[in-house]
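Asks: Spelled out from the first residue to the last, the chains are:
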Amino acid sequence: MLELNEITKSFGGIKAVTNVSMYFTEGKITALIGPNGAGKTTIFNLISGFISPDNGNIQYKNIDITHLSPWDRAKLGIGRTFQDNRAFSNLTVLENVVLATKNSWFENPLNNIINYKKSKLEEEKIREIAKKHIEFVGLSEKIDTKAENLSYGQQKLLAFARLMMNDAELLLLDEPTAGINPYMINEILLLIKKLVKEHKKTVILIEHNLKVVLNIADFLYFLEEGEVKTFGTPSNVLSDPLIKESYTGL
Amino acid sequence: MNYLIHIIIIIQIYILLTLSFNLLLGYSNLFSLAHAAFYGLGAYTASLLMLNLNFNYFFTIPIIIIAASLFSIIVASPSIKLKGDYFMLSTMAFQILIFNIFNNWIELTRGPYGISGIPSPSILGYQLSGPYIYCLFISIVTLISITIFYRLHKSLFGLFLKSIRDDEMLSISLAKPTYKLKIISFVIAGIFASIAGSLYATYISYIDPTIFSLEESVFIMTAVVVGGSGNLKGPLIGTLFIITIPEILRFIGFPDSIAANLRQIIYAITLILVMRYRPQGLVGEYKLE
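Chains S and U are the protein sequences, given in the same order. If you're matching positions, the first sequence starts at 1 in our numbering and goes up one per residue. If you're matching positions, the second sequence starts at 1 in our numbering and goes up one per residue.
The shape of chain U in the complex, shown without the other chains (with noise of 0.2 angstroms):
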């Protein structure tokens, strides 16, 4: 039981990861290979300010917000100014300088050692720990945000951000300012994807650089592309399939060694397959060219 709850965990962390990876490709048609660069940064962020500073993971919350912020618009202000393959290789050239501070900073980060015995998040005395405790905190963590992404998804903002994904130049002639449209929608990405960071780690209690590597941005996209995207349904189908395989390969039988190879394998192909046959994925609305 224990290990579905952990499963469950688990999805849910992705479908945060999922949705706000969505908000770019999407809706803004940005496709950004520095989500996990975002992931790290809420991960890292929170452990820090727990061990070093004793903060309470709720305070933590407020300055993972504001980094999350301050990074994205860092990374948004020069590359949404690039387009196509530009703007991926800009994002990518930041995942990879996040990746190397995390590996390299040994001082403050503990680079490839990780950090360990991260503590669970605590309300007023009373620690989250526990699969069954902490899968209910995520539970309604996942639920806000699915109600804030389906918010956005119904309204104006959305479609606002729709129009630059099918026309940029037709929605500026229309004076809709899409630069700041596509900094927002980077900001609430990263903002979201920071968050999921930080509930991983107080959930595993350690990480470490290779976590929030370039390979799990292509793995967060990989989820988001075979889902399909543009709308809600797309990454949450998408986040399931991707999480579930690795498990039921595992129910399978095969060894690990094995499983985790014959894993990458099922990926490529799957993704190989849906840009080939169905480009909107699985369930999405939005057709990638």
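Same shape as in the complex, but just chain S (with noise of 0.2 angstroms):
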């Protein structure tokens, strides 16, 4: 589904990312892990478009995708998120989640303007489906309360309610686990197998919590110091002595 190839990214003259070629398959879960600074989200960044690589390419669903904006990336179905929560905080639950939407057709003011009754039905056909995902992620009890008042693992929610009304096919999901209680963490394990089950979805992860990794993901890529060390199945990675050694400390 996705293909890195020899990716290079550099700042200033720090290399981020050397020469990483990475396979990603469709319907299966894929875990990036390692160390800070090992370029996970800077992979991350260049698979959504947010920075270009310096050398390489990108294959997603056989269409370079190396040159487009982060916005085309996202209609062709990439869709992530943050290792920041971000949410648009002054915005309710409900509305987060609508706007996701990829119907371009409210892009134009004048089709808000002069077809206000087609829109207005337009957009409660919209509101039902964005209600379906909130139901979906939990959230139905917290539709009309602003994102800011939501709790960060809420939040988290909330982020994969909109990668569902966004139809994105392939998530990248930045430490989905990260700075949440036990109990949320199996709600969003859950709600991962899920997506991927139930919506086939494509999932890369970014992801500290090797409980976490072992649970959920089918392939693991370990990454040092912007290269790719290790691929494989979570068991046979994390049991190589090597990696033990280098991330765990075991």
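Note that these hints are calculated values from the structure, not bench results. Honestly, I wouldn't trust all of these hints.
Below, simulated PhoX-like cross-link-like pairs (lysine-lysine); rule was C-alpha separation at most 20 angstroms, straight line [unchecked claim]:
hint	chain 1	residue 1	chain 2	residue 2
1	U	154	S	117
2	U	154	S	118
3	U	81	S	146
4	S	28	S	197
Take each chain as given, in its own frame, and dock them per the hints.
Replies: So, in structure tokens, the structure goes:
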């Protein structure tokens, strides 16, 4: 589904990612692990288009997306969450999800002004879909709450609802369980599994919690100093004594 | 009574200015200091076309819309890529540039002498002059404008803009063409500010560059910041507040020379207090940071 071919990216004189090649399979969960500064978030930014590689190319569904803008990539179905929990804080949960619609008809203000009745009907349909996604992630009770008043974990759930509304097929999840309580972690893991099984999504996640990785990942990339060190199933990669030593310190 | 009608007309002109500025500040997080330039652009375009080419006011409107759209795109295309203070500075540069054109292109604009004798709009030969008729006319324009802004406010387009205001990067990650949306909001704001300018020119029948100075842009901004942004109530309340203050001072009995300075002091103190204690304005939705 997604291929990174010999990608290199430097910031100033520092190489963040060096000659990285990766392959991500459709309908599977692939985790990226590695110490801080290994280049995991840089890879997410390269895939989602927020930064461009110095060398190499990125293929998504056999389309070269290396030079596409972030919104063009999002239109193709690449959705992401951010390490620092982002939400439209002044908007309600429902508004946060509704605006993630891919319906570009509303981007023309004249459609909203002149065809007001039609736009309201269309909007109602979108709201109904949004409500289903909100229910799916378990935030129905908070539907009219402003995003800034949600807990950290609830904001993570909201991010999932937005991605679903955005109809993203490839989900890039940057530390989805970081900073949340164990109960919420289980909820989020169940949600990710459901998204893959029931909604046929493909997931790439950055995760420091190895229990989480072992629990849900099908494949695992171990990165260090901007390079791919190992790839395989989580149990194989994590049983490698070198990885154990350099990453877990065990 | 004529005095009251005059105040109502001026309030309505400023409602167009503040509602359109609110689309920039409260929806798209674009702190523009060029709003008075568009106000002036509309005023000068209408006046020159009516006086020099005998245009009917209503035929100047499409030309004003085209001119405002073009200028908006010219200003917004490079500026919107800049963030925060840099965006503000680039719009300020445009404001100063336009003011200088109004002030120095004497052959066209008569410079500091201004343009006088601007006729009122007419429909089928019937002149819309006199405070009552003009008030009725401008009320219709204001009502239509409020309806348009209400529809934008309630629409998904408005929500898309608010998403840019709250977190542009997140908005981009959800496939929103934020650059295009911000340009559109700049164009809409420019068009309404220009229409307000044309209404002002045809109502007062005289314009000069000082009316459309940087100070005026700050004045419009003050009204929106004090009233609040991100909804429709804020700019409406802000306009009422900012227009009625000098009138109240006049009724209290201050001479004009003192009232003018006092007015500036009151605006400044109000602005500081609002920014400090109520960053969302009196009835606004969006907290300025």
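Asks: Now tell me if each hint is right for this structure.
Replies: Here is what the structure says about each hint:
1. U:154 to S:117: holds (12 angstroms)
2. U:154 to S:118: holds (13 angstroms)
3. U:81 to S:146: Violated, because 29 angstroms separates the two Cα atoms, which is more than 20 angstroms.
4. S:28 to S:197: holds (9 angstroms)
Taken one by one, the earlier hints fail for this structure only at number 3.
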